[in-house]
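Just need the whole structure built from these sequences, with the hints factored in.
There are 2 protein chains.
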Amino acid sequence: MLNEVQAIPDVLRRMLDDDAAVLDLAARWAVDQPGLFVSVARGSSAHAAEYFHHAAMRQLGIASFAVPLSLVSLTPAPLQLANACALGFSQSGKSPDLVDSLRYLKQRGARTTAIVNTPDSALAAVADNAILLPAGNEVSVAATKSCVAMMMASVQSIAFLSHHRGHGKALLEALAQLPDQMSAALDLDWSAALELLLNSDTAMVVGRGGALPMAREAALKLQETCAIQTACYSSAEVRHGPMEIIAPGYPLVVFAPNGPEQGETLLFADAMRERGAKVLVIGPAKTEGVDLPYVTTQHPLLEPFTLIQSFYGVAEALAIARGRNPDQPQFLQKVTETR
Amino acid sequence: MLNEVQAIPDVLRRMLDDDAAVLDLAARWAVDQPGLFVSVARGSSAHAAEYFHHAAMRQLGIASFAVPLSLVSLTPAPLQLANACALGFSQSGKSPDLVDSLRYLKQRGARTTAIVNTPDSALAAVADNAILLPAGNEVSVAATKSCVAMMMASVQSIAFLSHHRGHGKALLEALAQLPDQMSAALDLDWSAALELLLNSDTAMVVGRGGALPMAREAALKLQETCAIQTACYSSAEVRHGPMEIIAPGYPLVVFAPNGPEQGETLLFADAMRERGAKVLVIGPAKTEGVDLPYVTTQHPLLEPFTLIQSFYGVAEALAIARGRNPDQPQFLQKVTETR
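Going down the list, the sequences are from chains V and F.
All residue numbers for the first sequence refer to full-length UniProt numbering, where the first residue is 1 and numbers rise by one.
All residue numbers for the second sequence refer to full-length UniProt numbering, where the first residue is 1 and numbers rise by one.
Simulated from the structure, these hints should not be mistaken for lab results.
Careful: at least some of the hints might be erroneous.
As the list makes no split between identical chains, a pair holds if one copy fits it or if it spans any two.
Claimed, not checked - Once the Cα atoms are required to be at most 35 angstroms apart in a straight line, the calculated DSBU-like pairs of lysine-lysine come out as:
id: 1; residue 1: Lys169; residue 2: Lys106
id: 2; residue 1: Lys278; residue 2: Lys334
id: 3; residue 1: Lys94; residue 2: Lys278
id: 4; residue 1: Lys106; residue 2: Lys334
Just so it is clear, the structure is predicted and the values come from calculations on it, not from any experiment.
Structure (structure tokens):
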């Protein structure tokens, strides 16, 4: 897992150097003018998909959501998708529910794209076109580099379409600096997060906006590698009920990167600190209320990358500190096939 | 809370007797022919909205999803919603983020409907039209009857549009029997669920399809009324990582109602039982692997109602058994205002 996390900056460099496939995808979208994006994905790939949805709505204004797989892989629903593009995100491209779903979404009228990390996958075979990610073989059960590569393909294709539509080059230019920022994120000392979670069997990670899918990804890593039951909510949703479980001493990790969601998120963290929870706020250095700085980027849509990069290191080190093998959880396999 | 749960069958009877508002909404949809439904909601209302999305896709084939509020209430995203209908679900209709969001979705081109349980709400004031639910004053912090009333308005309007489109009367006819089935659900003895959760500080509720929003609602009730940290996943998604936390002795509630998702859900329950988890499967009587029967209905889209009706009783009794006041959690208020 550590090797795979350390490989991420170079994976992103390769994706910047060879962007033909994402350029091609953006060019198709420029022609098709989709009114809707839908995705099918599981696990970490579903978090990459959720990041895609956030970025597509934020940057392009195109409605975008994850279709519940039960509606498209079991008894399929009569979805009308004539003006939609469907994306299947998967490391292996093997799970039958994903393959069946993408095939079905195509039957219902959607243009389909597979975003996969394994050559010659069944998912790519059923799609109109495919992006083969260059993350390389991923052996740790808990996905890391494949998830970030999916996010990279997402934001690259969205940035190209946004530029094509005349919305400037800010995101494309910011992307060029991301690999070095990811390297810097590897070098941060986040041992405070490790200490917070070392002896806890429960925790919560909170984020909002583009940080919410990363909070979900962080929570999943803690579950997969450390078997810590980790809840995840947006910093607004958590107030509508779930915060009842946050008692004095409860470990709470708050992602508060730069962006429109930061102010409200910091207010929530303050309230929980006042309650007596053990709150660890991750945000920009020198911001009031921030305990642990992350590596900031040149664009709000890129902050999720450096956040999760540093957190992956925490999950790996925490698993070892808790006497577990981060590469091989007790009850999971690398490729999970569901229907 | 108990009084409010006991009132639900009569609330549904009133909604069957006076269905003018939902008929009117369905008639608007028949004219507008929306290609997309989007919702804004929080807490239990968001679970009612998720039920709406499931039913709309399953029964009507119309793409349907919850817009993350961070995209429409903070710095709003340039969403294109010319062919969309937007629904705001809220008990009080007061939270500023919901009001701002629905107003913004209207600006972006959506036809807007407020589904609220309180007269003269700000949410209804900004919407093109409103459905005022007849659930009556709800004082318990943990919502129950308002959530079920939102689900009822959802399925009634969807059933009317489905009938208008020539898809038969099966759902409408099944609805007529729902209030009596809800009364029967009140009388079931689900003390086995109470015993499972009495001394646990963590739990998981699993469901899929239409049962997934009810699993989320059940998990939220356990958090609000009992401060039990309760995870919730679909019975397929849980295999992709989260099931690592299910150790021997771990309390797992599985919703396995009739419907296309049942077979796969029962297989997951079996696997967890084999692992040594304390599994409680709620499903139809006389089905292999079912521990606790629920009241079945005449249509797969109505099974969620009787499931959650019986579970509300569990949450209320469990809170009392754990020495808590089910009506007043420690850290929550009835009306939560977020931005």
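Each hint, compared with the structure:
In this assembly of identical chains, the alpha carbons of Lys169 and Lys106 lie at most 35 angstroms apart whether taken from the same copy (32 angstroms) or from different copies (30 angstroms). Taking CA atoms no more than 35 angstroms apart as the test, Lys278 paired with Lys334 passes in both settings, with 33 angstroms inside one copy and 26 angstroms between copies. Taking the shortest Cα distances, Lys94 and Lys278 sit within 35 angstroms of each other only across copies (31 angstroms), while inside one copy they are farther apart (41 angstroms). For the identical chains of this complex, Lys106 and Lys334 are intra-copy neighbours only, at 27 angstroms inside a copy versus 45 angstroms across copies, given an alpha-carbon limit of 35 angstroms.
Violated hints for the displayed structure: none, as all numbered hints are satisfied.
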